[in-house]
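Sequence order for the protein chains is V and Z.
Its first residue numbered 1, the first sequence is counted upward by one per residue in our numbering.
Its first residue numbered 1, the second sequence is counted upward by one per residue in our numbering.
It is possible that some hints are incorrect.
[What the hints assert, rightly or not] Ranges of calculated distance between the beta carbons of each label pair, as one might list FRET restraints:
id, chain 1, residue 1, chain 2, residue 2, range
1, Z, Glu122, V, Val122, 48 to 58 Å
2, V, Asn2, Z, Val31, 41 to 51 Å
3, Z, Arg62, V, Leu255, 33 to 43 Å
4, V, Val122, Z, Gly231, 45 to 55 Å
5, V, Leu23, Z, Gly276, 37 to 47 Å
[Stated by the list, open to error] Looking from chain V toward chain Z, a few residues come up when the C-beta cut is under 8 Å (computed):
id, residue
6, Ser49
7, Tyr178
8, Thr182
[As the list claims (entries may be wrong)] Which residues of chain Z face chain V? A partial, calculated answer using Cβ under 8 Å:
id, residue
9, Lys3
10, Phe7
11, Met11
12, Ile15
13, Phe61
14, Ser63
15, Leu65
16, Gly119
17, Glu122
18, Gly123
19, Val125
20, Glu162
21, Ala190
22, Tyr192
23, Lys308
These are computed hints drawn from the structure, not numbers from a lab.
We put the CB at the ideal spot given by N, CA and C, even for glycine.
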Amino acid sequence: MNRSPSLAFALLILAAALQAAFLFRKDRKADPASPWLLLAAALLLLGTSVVRSFRIGFPALTGTFESLVFYAALVALTAFAYRLQRRLPRMPLVGFGATIVAAALVAVASSPIAPKEALAPVPALRSGWLVLHVAFTFVGEAFFVASFVAALAQLAAKDEAKRADYDRVTYTAVAAGYPIFTSGALVFGAIWAEQAWGAWWTWDPKETWALVTWLVYTLYLHLRFTKKRKGRLPAIVAVIGFLCTVFTFFGVNYLMSGLHSYG
Amino acid sequence: MRKLLSFFTSMRLAIVLIAYLALAGTLATFVPQGEEPAFYASRYPRLLAALVVDSGFSGFFRSWLFILPAFLFFANLSACTIRRLSREIGKKERRRHGPDLLHFGLMILVVGSILSFSGREEGFVRLAEGDAVELPGGGLLRLERFEHERYADGRPLEWTSEVSVSGDAARKVEAYPIRVNHPLRLGRYAVYQVSHDVEPVLAVLGPGGAAGSLARGEELEAGGFSLLFLGAEDGGTGALVLLKDAAGPGKSFRVAAGEAVGPFRIATLAVRDLSGLKAVADPGYLVVLVGLLIAAAGMFFTFIRKIKDFRP
């Protein structure tokens with residue numbers, strides 16, 4: 001199972017290459033294999049999480065490597081689900097972009113900046129609320145990956161109809177991810193903090209950045225509500241929102257200290 | 001009046017305030033919060049340091065830079081909620097109360113946060129087994145037993161403080177295990193397991209059968225002498241003590257277990273576990289919890305409805 005992330009990475013790269021090859025076809029047909037490669041990669045990554053969970057006797061979500069592996073699995077699953085769904089316009093670039101993000105997350109997980117040692121959690125992290133906090137936050141952020149790629153494509157698209165399709169994908173991904181992210185990052189996070197330290201909120205840098213991310217997506221939803229599909233501003237805000245999630249994870253972990261500095 | 005009402009119910013105001021709070025909150029994470037003016041003066045150019053301190057940015061989340069926009073946001077949210085709710089109630093069909101519930105939950109959350117912020121009390125104690133501390137509002141909390149479980153590699157797995165509360169009939173507790181993430185709730189107070197520490201303890205035998213177990217800073221008096229335990233040394237194998245008699249200022253000695261100092265003999269030098277407990281009274285506890293749950297429920301109703309609205 002130690003080689004699972006490497007194998008998953010190879011599958012993701014293969015899926016991305018296949019999708020890239022089909023991006024340039026004129027008949028706009030999607031490749032038939034990449035969804036299953038994405039699913040296989042996601043299952044391998046989830047398998048890694050399950051094995052580590054048994055090894056440490058607790059859901060493996062408390063370390064940087066474990067979080068990245070779980071997050072990458074969810075992004076791959078989101079890309080897989082997007083390819084199979086029939087309610088939204090299927091834009092090949094969205095699936096491709098999400099696959100690249102999933103592969104990048106696995107690459108970072110495998111790099112020296114993420115320690116690989118399977119360590120059981122310290123007392124403050126041994127909480128069911130923490131598991132909900134982390135799991136829901138990453139599920140929400142996996143949808144934000146799709147919204148980020150769709151928003152970037154929307155900003156780059158020259159065709160009005162394509163822009164409208166990308167806008168619809170961006171909005172649906174944010175609409176799905178926002179309540180899940182809010183529940184995980186803010187509601188379950190606050191309940192866990194109260195149980196562990198007796199304070200709902202301490203303005204720790206990670207908490208503040210989670211709130212900033214939430215405010216940015218709140219801003220997106222309100223802008224989208226008032227502007228409907230007009231203008232580039234909502235798409236720009238959706239891109240900023242995702243960049244905030246990236247900084248909340250990497251920037252705060254590596255550049256700032258606080259209650260969350262363990263992972 | 002109409003203008004004021006339309007100002008407070010404006011979506012544009014909501015957008016401006018959300019954008020401001022996001023941007024200012026971001027900047028605040030890059031400026032160390034709650035430091036002394038000298039700290040900023042040593043780190044930033046003079047003008048910027050003065051700006052950070054004088055504007056209140058050095059304590060952003062307690063300053064008017066945050067509180068005033070947050071208050072305006074609350075007023076805006078309340079006005080929009082009332083207006084939206086009355087409009088929805090007037091509808092004959094396709095009523096959507098998800099956003100109302102979400103906004104109402106956020107309003108409750110803000111009220112709970114203000115209660116929490118303004119009336120919160122907290123205190124921290126470190127107790128050894130057998131120690132007791134008086135609880136605010138009456139009652140005595142005693143640490144009956146402390147257990148420190150470790151993983152095989154020595155890292156902490158769990159800290160458990162078994163406590164009892166006596167002296168207040170309304171808050172009597174027998175053998176309650178407080179663990180991290182498992183506080184003891186006693187009326188308006190909650191007691192949390194937040195840390196673990198160890199301290200050296202010196203067992204001393206004195207003249208005339210006197211004996212004492214001294215923590216750092218404690219002293220034993222016997223036969224006209226006193227022995228003050230100043231602390232452990234040499235990795236815990238030696239102790240620094242101060243021997244005094246009535247005549248002089250005293251003299252310090254480095255001693256080990258089994259050695260004598262004046263009329264005293266050091267029996268053992270050991271370490272004991274200390275449990276770090278935090279007591280918190282949070283008047284906003286229930287209000288915040290209810291606000292969080294209502295906001296979460298409102299959010300799900302809103303977005304499940306929106307996703308259902310999408311047609312293939």
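Point to revise | Hints the structure fails to honour | key: 1, 3, 4, 5, 6, 9, 10, 14, 15, 16, 18, 19, 20, 23
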